[in-house]
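There are 6 protein chains.
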Amino acid sequence: MFITKYFEEFAIGDVRHTYGRTITETDIVVHAGQSGDFFPHHMDEEWCKTQPFKKRIAHGTLIFTVAVGLTADHINDVSMTYGYEKLRFIKPVFINDTIKVTVTIQDKKDHKRPDHGLVTELVECFNQHNELVMRCEHILLVKKQAA
Amino acid sequence: MFITKYFEEFAIGDVRHTYGRTITETDIVVHAGQSGDFFPHHMDEEWCKTQPFKKRIAHGTLIFTVAVGLTADHINDVSMTYGYEKLRFIKPVFINDTIKVTVTIQDKKDHKRPDHGLVTELVECFNQHNELVMRCEHILLVKKQAA
Amino acid sequence: MFITKYFEEFAIGDVRHTYGRTITETDIVVHAGQSGDFFPHHMDEEWCKTQPFKKRIAHGTLIFTVAVGLTADHINDVSMTYGYEKLRFIKPVFINDTIKVTVTIQDKKDHKRPDHGLVTELVECFNQHNELVMRCEHILLVKKQAA
Amino acid sequence: MFITKYFEEFAIGDVRHTYGRTITETDIVVHAGQSGDFFPHHMDEEWCKTQPFKKRIAHGTLIFTVAVGLTADHINDVSMTYGYEKLRFIKPVFINDTIKVTVTIQDKKDHKRPDHGLVTELVECFNQHNELVMRCEHILLVKKQAA
Amino acid sequence: MFITKYFEEFAIGDVRHTYGRTITETDIVVHAGQSGDFFPHHMDEEWCKTQPFKKRIAHGTLIFTVAVGLTADHINDVSMTYGYEKLRFIKPVFINDTIKVTVTIQDKKDHKRPDHGLVTELVECFNQHNELVMRCEHILLVKKQAA
Amino acid sequence: MFITKYFEEFAIGDVRHTYGRTITETDIVVHAGQSGDFFPHHMDEEWCKTQPFKKRIAHGTLIFTVAVGLTADHINDVSMTYGYEKLRFIKPVFINDTIKVTVTIQDKKDHKRPDHGLVTELVECFNQHNELVMRCEHILLVKKQAA
Numbered sequence: 001m002f003i004t005k006y007f008e009e010f011a012i013g014d015v016r017h018t019y020g021r022t023i024t025e026t027d028i029v030v031h032a033g034q035s036g037d038f039f040p041h042h043m044d045e046e047w048c049k050t051q052p053f054k055k056r057i058a059h060g061t062l063i064f065t066v067a068v069g070l071t072a073d074h075i076n077d078v079s080m081t082y083g084y085e086k087l088r089f090i091k092p093v094f095i096n097d098t099i100k101v102t103v104t105i106q107d108k109k110d111h112k113r114p115d116h117g118l119v120t121e122l123v124e125c126f127n128q129h130n131e132l133v134m135r136c137e138h139i140l141l142v143k144k145q146a147a
Numbered sequence: 001m002f003i004t005k006y007f008e009e010f011a012i013g014d015v016r017h018t019y020g021r022t023i024t025e026t027d028i029v030v031h032a033g034q035s036g037d038f039f040p041h042h043m044d045e046e047w048c049k050t051q052p053f054k055k056r057i058a059h060g061t062l063i064f065t066v067a068v069g070l071t072a073d074h075i076n077d078v079s080m081t082y083g084y085e086k087l088r089f090i091k092p093v094f095i096n097d098t099i100k101v102t103v104t105i106q107d108k109k110d111h112k113r114p115d116h117g118l119v120t121e122l123v124e125c126f127n128q129h130n131e132l133v134m135r136c137e138h139i140l141l142v143k144k145q146a147a
Numbered sequence: 001m002f003i004t005k006y007f008e009e010f011a012i013g014d015v016r017h018t019y020g021r022t023i024t025e026t027d028i029v030v031h032a033g034q035s036g037d038f039f040p041h042h043m044d045e046e047w048c049k050t051q052p053f054k055k056r057i058a059h060g061t062l063i064f065t066v067a068v069g070l071t072a073d074h075i076n077d078v079s080m081t082y083g084y085e086k087l088r089f090i091k092p093v094f095i096n097d098t099i100k101v102t103v104t105i106q107d108k109k110d111h112k113r114p115d116h117g118l119v120t121e122l123v124e125c126f127n128q129h130n131e132l133v134m135r136c137e138h139i140l141l142v143k144k145q146a147a
Numbered sequence: 001m002f003i004t005k006y007f008e009e010f011a012i013g014d015v016r017h018t019y020g021r022t023i024t025e026t027d028i029v030v031h032a033g034q035s036g037d038f039f040p041h042h043m044d045e046e047w048c049k050t051q052p053f054k055k056r057i058a059h060g061t062l063i064f065t066v067a068v069g070l071t072a073d074h075i076n077d078v079s080m081t082y083g084y085e086k087l088r089f090i091k092p093v094f095i096n097d098t099i100k101v102t103v104t105i106q107d108k109k110d111h112k113r114p115d116h117g118l119v120t121e122l123v124e125c126f127n128q129h130n131e132l133v134m135r136c137e138h139i140l141l142v143k144k145q146a147a
Numbered sequence: 001m002f003i004t005k006y007f008e009e010f011a012i013g014d015v016r017h018t019y020g021r022t023i024t025e026t027d028i029v030v031h032a033g034q035s036g037d038f039f040p041h042h043m044d045e046e047w048c049k050t051q052p053f054k055k056r057i058a059h060g061t062l063i064f065t066v067a068v069g070l071t072a073d074h075i076n077d078v079s080m081t082y083g084y085e086k087l088r089f090i091k092p093v094f095i096n097d098t099i100k101v102t103v104t105i106q107d108k109k110d111h112k113r114p115d116h117g118l119v120t121e122l123v124e125c126f127n128q129h130n131e132l133v134m135r136c137e138h139i140l141l142v143k144k145q146a147a
Numbered sequence: 001m002f003i004t005k006y007f008e009e010f011a012i013g014d015v016r017h018t019y020g021r022t023i024t025e026t027d028i029v030v031h032a033g034q035s036g037d038f039f040p041h042h043m044d045e046e047w048c049k050t051q052p053f054k055k056r057i058a059h060g061t062l063i064f065t066v067a068v069g070l071t072a073d074h075i076n077d078v079s080m081t082y083g084y085e086k087l088r089f090i091k092p093v094f095i096n097d098t099i100k101v102t103v104t105i106q107d108k109k110d111h112k113r114p115d116h117g118l119v120t121e122l123v124e125c126f127n128q129h130n131e132l133v134m135r136c137e138h139i140l141l142v143k144k145q146a147a
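So the protein sequences, as listed, match chains A, B, C, D, E and F.
1 is the number of the first residue of the first sequence in full-length UniProt numbering; add one for each residue after it.
1 is the number of the first residue of the second sequence in full-length UniProt numbering; add one for each residue after it.
1 is the number of the first residue of the third sequence in full-length UniProt numbering; add one for each residue after it.
1 is the number of the first residue of the fourth sequence in full-length UniProt numbering; add one for each residue after it.
1 is the number of the first residue of the fifth sequence in full-length UniProt numbering; add one for each residue after it.
1 is the number of the first residue of the sixth sequence in full-length UniProt numbering; add one for each residue after it.
Be aware that one or more of the hints could be misleading.
When chains are identical, the list treats them as one kind, so a pair holds in a single copy or across two.
[What the hints assert, rightly or not] Dumping the calculated DSBU-like pairs for lysine-lysine here, alpha-carbon to alpha-carbon at most 30 angstroms:
1. K143 to K112
2. K5 to K91
3. K86 to K109
4. K49 to K91
5. K49 to K108
6. K49 to K109
7. K86 to K112
8. K55 to K144
9. K54 to K86
10. K108 to K143
11. K5 to K112
12. K91 to K144
13. K143 to K54
14. K5 to K55
15. K54 to K144
16. K91 to K55
17. K143 to K49
18. K112 to K55
19. K108 to K91
20. K5 to K54
21. K108 to K5
22. K91 to K143
23. K143 to K86
24. K144 to K109
Quick caveat, the hints were computed from the structure, so don't treat them as lab data.
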C-alpha cells in the first residue's frame, strides 16, 4: 500500500480507473449530518418535485469527497497534495446513481523547491451513463529522485 | 432562509463570518466511513506518532466539507455554484481544533450569458489560533437584475 | 444568527414556518442506533406488514428531534428553553413522508423571577398531506427588557 | 420481549431502573447530524469556554431520546404512548456524563374510552452524581382487562 | 436484564427466538464505513447487475454483527463468550431482507477449569423466506454452581 | 484491485500485514448502534469502573469486523469465503488501542468439488503492544487452475 514514486516516474497521459460507488440516500443524509447543510435540494423530496431537477440531489462536497476517496488506493510517501483547481459540478448526481473516477496525468512542472515538482492529475467523475458529473485538477507536490 | 440577491447587489469587500465548529474524532471517523479513505494519517494514532505531525489529522475533504457547510446559512434563489478554484490545505487540522470561516466578496466578472455574472467569494478557514488552515475561491453564477 | 429578542417583543399570534425534511429510512436506522430502541415497529418490515399500520414507522423521539431541530435557525441570547408540555404523536410518520413545522406564539406569562417571563410557542408538525403528525408546547424563559 | 400487562396490573409506586449510558462526544455529533442543530453550545468548544457552563452540552432532544430509549426493554401489546407532559431539562449533561433512568408509576386515571385507562409514568434521568438532569411524565393509554 | 444462570441450568435442546430486523441499505453503507470494506459487491449497484447475484449483498461481518446483536437481550453474569466455531454464510442477504435468529443449546462439555463448563449454542439466522442465511456455534464458558 | 490467484498459487507460510487502525470511542458507539448491543460493558463508563477490566471494551463483533475489513485490500475473482473457524477474543480491546492484522497461509486441502480447493488463512489481530487480541481461521474456497 505504501509506494515510492518520484516525480520523474509520472508519465503524462497515464490513466487509472477506480471502483464504482452507488450514491445512496444514506450517503446524502450522512453528508448533511456531517456538513450541516440541510438545504431542501438535498433533504426535502416534496420541494424538489417543484424544481427543475425534480429529485433530491447530492451535495457537491459529497461527490468531491467520494470521488477523492475512490482514488485513495495507495500512499506515495514522496508525494503530497498541493491543492485542487477548476473544481466543477457539471451534472447533478441523484440517489442511486453510480459514479466512478478516471485519473489522468495531465501535466508536470517544476517547483520553486528544486528537489520537487508539481504533477497535475485530471480527476473526472462519471455516472452510470458515462456522463461527466464532476471534474477537477489535483496538484501533487512530488519529490524528485536524488541526483 | 430563501433570499433573492442579484449580481448587482454583491459588493466587493463585503465579509461574513460563520459559527465555529470543533473538529472531533467522530468527524474524522465518520468521514473515513463516507469517503472510504482509511489512510493511517487519519486512522492510526500509533503510526502518526512516528510522523512529523505526530497526531491524526483531518482529511482535506472533511475540512472542505465542513467549511462549505458552515457558510450554508441561506439560499439565494438567483445564484448557483459555478465551481471552486485554488483550494489549498495550508496547515493540518487536528482532533479538537475549532474552525470557523470568513467569506469575502473578492471579484465580480461578466459571463457569456449576458443576464448573469460571476461572483468570486474568497473562503478562508481559520483554526482557534487564527491560523489559516484552508482557503479556496468559490465562484457563483448569479442572475443580473431585470433591466 | 445571534439575535436579542426580549419578552416584550414576542407577539401572541406570530407565526413562523420551517424548511421541510423528508424522513428517510436512514433517519430511522440512525435513530434506532442512537436511542437503542430497535422495536419491530421501526426495524422489522415483515412484522409491520402484520400490524394495522402495515409499514415501519418513525420513532416518536425522532420526529420530536427533527421537528425541534427544524426550528433551530437562530440563537436568542436572552431566551432559554424552560420545558415542553402536551407532546402528542397524533399520526404515524412513515419512511419518505416529508415534515415541516409551524411555530405560533400562543401565550405569555409572568414568571416568579420578575425580570423574566414565560413565552409559550405552539409547535405543530405537519406531513406532506398537511396532516398534523405531532404537536407540543415549547415554553421559553425570556428576559424582560431593562426598565 | 412482548408482554401483556393490563391497566389493572399497573400499581402506583412501582419502580424500575434502567442500564446506564455514557453520553459521548459521538452521541452529540451524531445528534447534531440528525437534528440539524449545530448551535455552538453543542459544537464549538472554544465558544463554550466563554460561556457560564464552560463545556459543550448535550442537546435536550438527545437526552430525551436516550432516556426514552433506555426504558424501551419490552413491548406491552395492550399499551401505547398517549403523550408526554412536563418535560424539563434541569441540569446540563456534558460529554462523558453517564445517565440512567428511574421510571415510577405515578398515577392512573379513567379515559373516555371505557375499556382503556391512562397510566402516568414519572421518568427521571440522573447523572453519575445522582443529580436529576431531566424529568418528564409519560402518559400511556392501556387496555383494561375484559370484564 | 442481569441474570445468573449456571452451567447446570442450561438444558440441551432449549430454544429461544429473537426479534426480526430488516437489513437496510443504510446498514450496508454504515457497515462499509465501519469495516472499511467498500468492495463493489456491497457498494456498486451497476457492477452487481453484471454478477450472478444481480444486486448488492450485505457484508458477512454485518450479518454476523446483527445476528449476534439480536441475541443480546440479557447479561448472564456467570457466563462469557469463549469463541465461535463453524461460521458459515450460506445464502446472500440482500437489501430489504428481514432476518431473525434462533438459538438452540446444542452441547455441554467440561472445561479444564473444574468450576466451569462449556456450553455450545447453535446460532441460526433465517431470512423472511425461512431460508438459513448464516449459522455458527457460539461457545460460552459458564460457571458451575458452588458444590 | 481485481486479481486472479488460483489455488495452486497460494503458498503455505506466506504472510501479509495490514495497515493499523485505532479503535475509537466513535467506533464503539457506531457499532452499538449497528448491532443493537448496548450492554454496559461497551456503553457505561461508570459501571465499567466497578468491573475487573475498569474501562469500556470494544464489542467482539467490532474487532472481528475491523480485522476482516483491514484485510480486504483486493478482490480475488476465483476465490470466495467458505467460512470462519476458531474465532477467539483473547484480550479486551479498549478505546484508543490500535490494532493491525497479520494473515498467514496456514493450510491447503482438497474439496469435494475437484476443480476447487480450500485455503486456510490464519488471521491474527494484534494491539499496539504486540499482544494478540483476536484470532480466527478464514477458510477460502479457491478455484484450481484449468488442467
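**OP:** Have a look at K5 and K112 and pick one of within, between, both or neither, based on CA distance no larger than 30 angstroms.
**Re:** Classified as within: same-chain Cα gap 20 angstroms, cross-chain 42 angstroms, threshold 30 angstroms.
**OP:** First find the shortest C-alpha distance between K91 and K55 inside one copy, then the shortest across copies, and answer within, between, both or neither for a cut-off of 30 angstroms.
**Re:** both (13 angstroms within a copy, 26 angstroms between copies)
**OP:** Go through the copies and call it for K108 and K91: within, between, both or neither, with a Cα cutoff of 30 angstroms.
**Re:** Intra 29 angstroms, inter 24 angstroms, cutoff 30 angstroms: intra and inter.
**OP:** Since the copies are identical, ignore which copy is meant and state whether K54 and K86 lie within 30 angstroms (CA to CA) inside a copy, between copies, both or neither.
**Re:** Classified as within; 27 angstroms inside a copy, 32 angstroms across copies.
Subject >> 30 angstroms Cα threshold - placement of K91 relative to K49 >> reply: both (18 angstroms within a copy, 24 angstroms between copies)
Original post:
Is it within, between, both, or neither for K5 and K55, if the alpha carbons may be no more than 30 angstroms apart?
Top reply: Answer is between: at 25 angstroms across copies they meet the 30 angstroms cutoff, but 43 angstroms inside does not.
Original post:
Checking K49 and K108: alpha-carbon separation at most 30 angstroms within a copy, between copies, both or neither?
Top reply: neither (46 angstroms within a copy, 33 angstroms between copies)
Subject >> Copy assignment of K108 with K143, given that the CA separation must stay at most 30 angstroms >> reply: within (12 angstroms within a copy, 38 angstroms between copies)
Subject >> 30 angstroms Cα threshold - placement of K112 relative to K143 >> reply: Cα proximity of K143 and K112: one copy only (12 angstroms, versus 41 angstroms across).
Original post:
When no copy is named, should K5 and K54 be tagged within, between, both, or neither for a Cα gap of at most 30 angstroms?
Top reply: between (46 angstroms within a copy, 24 angstroms between copies)
**OP:** Using 30 angstroms as the alpha carbon limit, work out where K91 and K144 are close: within a copy, between copies, both or neither.
**Re:** between (37 angstroms within a copy, 23 angstroms between copies)
**OP:** Check K91 against K143 for me: Cα-Cα at most 30 angstroms, and say if that holds within a copy, between copies, both or neither.
**Re:** Cα proximity of K91 and K143: across copies only (19 angstroms, versus 36 angstroms in one copy).
When the structure is compared with the earlier hints, violations turn up for hints 5 and 6 and for no others.
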